[in-house]
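Student: What follows is the residue order along each chain.
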Amino acid sequence: MIELRNLTKSFRTPHGRKVLFRDVNAVFPEGKNIGILGRNGAGKSTLLRIMGGIDYPDTGRVVTDQRISWPMGLSGGFQGSMTGRENAAFVCGLHGIWGREKRKVLGRVQEFAEIGNYFDAPVKTYSSGMRSRLAFGLSISVDFDCYLVDEVMSVGDAHFKHKCQQVIAEKRKTSNFIIVAHGMEQLKKNCDVGIYLGPEGLAIYDTVEAAIAEYQKGLPQAQKKKTAAGNPGRLVNS
Amino acid sequence: MNSISRTPWQIQRDVMHALLVREMKTRFGKWRLGYAWVLLEPAMHMLVLVAVFSFLGREFYPGIPTALFMLGGIAPFLFFGQCFTKSLAAVASNRGLFSYRQLRPFDAVVTRVLLEFCIYLFSLVALLGILAWFGVAATFNDFLLLVAVNILFLGFCLGLSLALCVFGERFPEAAKFGPMIQRPLYFMSGVFFSLEHIPEEYHPYLSWNPLLHVIELTREGLFASYHGMFADMQYLVMSSVGMLAFGLLVYRANWRDLVRSQ
Chain A
891 MIELRNLTKS FRTPHGRKVL FRDVNAVFPE GKNIGILGRN GAGKSTLLRI
941 MGGIDYPDTG RVVTDQRISW PMGLSGGFQG SMTGRENAAF VCGLHGIWGR
991 EKRKVLGRVQ EFAEIGNYFD APVKTYSSGM RSRLAFGLSI SVDFDCYLVD
1041 EVMSVGDAHF KHKCQQVIAE KRKTSNFIIV AHGMEQLKKN CDVGIYLGPE
1091 GLAIYDTVEA AIAEYQKGLP QAQKKKTAAG NPGRLVNS
Chain B
83 MNSISRTPWQ IQRDVMHALL VREMKTRFGK WRLGYAWVLL EPAMHMLVLV
133 AVFSFLGREF YPGIPTALFM LGGIAPFLFF GQCFTKSLAA VASNRGLFSY
183 RQLRPFDAVV TRVLLEFCIY LFSLVALLGI LAWFGVAATF NDFLLLVAVN
233 ILFLGFCLGL SLALCVFGER FPEAAKFGPM IQRPLYFMSG VFFSLEHIPE
283 EYHPYLSWNP LLHVIELTRE GLFASYHGMF ADMQYLVMSS VGMLAFGLLV
333 YRANWRDLVR SQ
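Taken in sequence, the protein lines are chains A and B.
Quick note: the first sequence uses the working numbering, first residue 891, plus one each step.
Quick note: the second sequence uses the working numbering, first residue 83, plus one each step.
Keep in mind the hints are simulated off the structure, nothing from the lab.
Wrong hints could be hidden among the right ones.
[Stated by the list, open to error] Calculated pairs, PhoX-like style, for lysine-lysine (alpha carbon to alpha carbon, straight line, at most 20 Å):
{"#": "1", "chain 1": "A", "residue 1": "K1061", "chain 2": "A", "residue 2": "K1078"}
{"#": "2", "chain 1": "B", "residue 1": "K107", "chain 2": "A", "residue 2": "K992"}
{"#": "3", "chain 1": "A", "residue 1": "K1014", "chain 2": "B", "residue 2": "K107"}
Computed from a prediction, not measured in an experiment: that's the story for all the values here.
Next comes chain B alone, as it looks inside the complex:
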């Protein structure tokens, strides 16, 4: 029988594994197109933006096809958006699962973020590959930079999600403003522009946004002819570590209250 006693690490691993399988089944099982949806969502976003900006009739950024430029912004932003929306509702939507004592909101949030992260990386690589196959390609720049940026980005989203899952549970009314915050962020994070397109006098306001740095640095890592001139790695490191610490602290201070009957 299953009379082995597990170490805390084994329990954590088992819980995450079980949740991951479950998330995969529920996320992809619902729709007819299932797994294809992973690629379709960013692809559709990209097509819309490409269609809009190709009316301008010029090369959007010298040396980089517009589709690739957009993809470099859309893919990270979609990942961020998924983390943002899902984690606000994470506690309420997983309430039934907390009757299993080893499963706490932390596991639900971390699993969700990790899954979204994998989906993001997969969709980015797959779409880059598909576009390259059709001849839409740019010279690749810096793999190590991409690795560093994505690790930091993951840390940032993890911290943010942990904080938001607490926030969404404690202030359900305020959580309704979530989408309202997310939409302006779409326009402020450089999804369809580079900081170089913006007059320099506005930079001090926009460059507070860590997401902008993520997107700029992702493009710089992807494309040799992109110069993330104003992107600041140091700022990204600080904001990621800061956000992760903040998220963990907020969760740590509140986690029992998330599950506790009041």
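Bound-form chain A, shown alone:
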């Protein structure tokens, strides 16, 4: 269960504070996958990070008993002078995985990332594709009740994308996802509940289709079809 209590979040701008949402109360039961949509700059990623306990709202709080992941595929925490293995071991340590369990996870990361011997080379020598592979492999190798996905399912080549698809489909059986995406097809496929961040604040819909309908209000019909079909170049699940 993830409960939002009186959440308010605003950003400082040169023209005063911009309120993203105000006094939001909601309860998301266990087993619901949540899709967050809205325009660029509406605060989707911020909401995702607040729900994950990484960022904080101005007021209010998020109450949960679930283990929530870091944003999937995040590579900002990597230390360039350390090897991929050392970086992965650090993240394992943060999550209380040591010893034999750690070696098992590291094995899974190495196998999944398919970066071969580069796993033992400093991360600063990686290409950006390799970094994302490592980051993604690490995300799915550590087990959580709930994964945060922030439009990062676009890593790597076609082969790797296919692999990610399979793994996520597998994960969906045991874990939930909170997804920020612009690809409607992906949201429809993966999410049960929709959150729409519009200019008037935040609205929660029981089905993701309702949220998509709200989001697409005002778009010309042809445009709707196009977004509904998704953008196959960017998304794993399209």
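Starting from the known structure of chain A, arrange chain B on it as the hints suggest.
Tutor: Relative to chain A, chain B alone:
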């Protein structure tokens, strides 16, 4: 799988452990000499000061070799300096790590201070040992005093670092003055003198500095023939506890703002 749920204490321990391993790798992995650098830095400082003061051609402090006298001041000051500089930039330089929800600036600062503290103790003991092996030694005085002083010193640096990590993040411009404050402190903290060398009329000004008391008391603990005549344990206790409380309060009042997107 890793489906065990951890207590807050276990999480804290795991985070600190992971950070400590990471800090060790990044701090020592960068340079060719790696771990030797821990000893080289204070040793070089000491050599410079010894070279300068041996021109004076006399025993700097009766009964204590000049090298040891300097070491007793340099080692604590280097620890203090590391805490000071590193904690000012602690939030900015660890920004990427705060995407892991269990890792907050507190953990980064505390781990860093603890690591620096261990390095300081290790380098002090190792250099004393090396010097003794070469015949530069003085009679040891009081182990318990050293333990007490170092616990207080650790508390002081911890409090200061927590306050500075908040300060450095909230006022990045003001943080540029950090090194400017640190340099005069080097000259005011008794790194290369004892309060006994200073005319008594200046004592009221200098003795406000807790660092001076740390260094005086460290020397008193180390060397039997050193009399920290003007060092005040009570003042050190008060300033350490005060600084620790202040640092914790400042951090407590600001910690969400350090991580929060504005």
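Student: CA of K107 of chain B to CA of K992 of chain A, is that 20 Å or under?
Tutor: holds, 18 Å
Student: Check whether the Cα positions of K1061 of chain A and K1078 of chain A lie no farther apart than 20 Å.
Tutor: holds, 17 Å
Student: Verify the proposed pairing of K1014 of chain A with K107 of chain B, using a straight-line Cα cut of 20 Å.
Tutor: holds, 15 Å
Hint violations for this structure: none, all hints satisfied.
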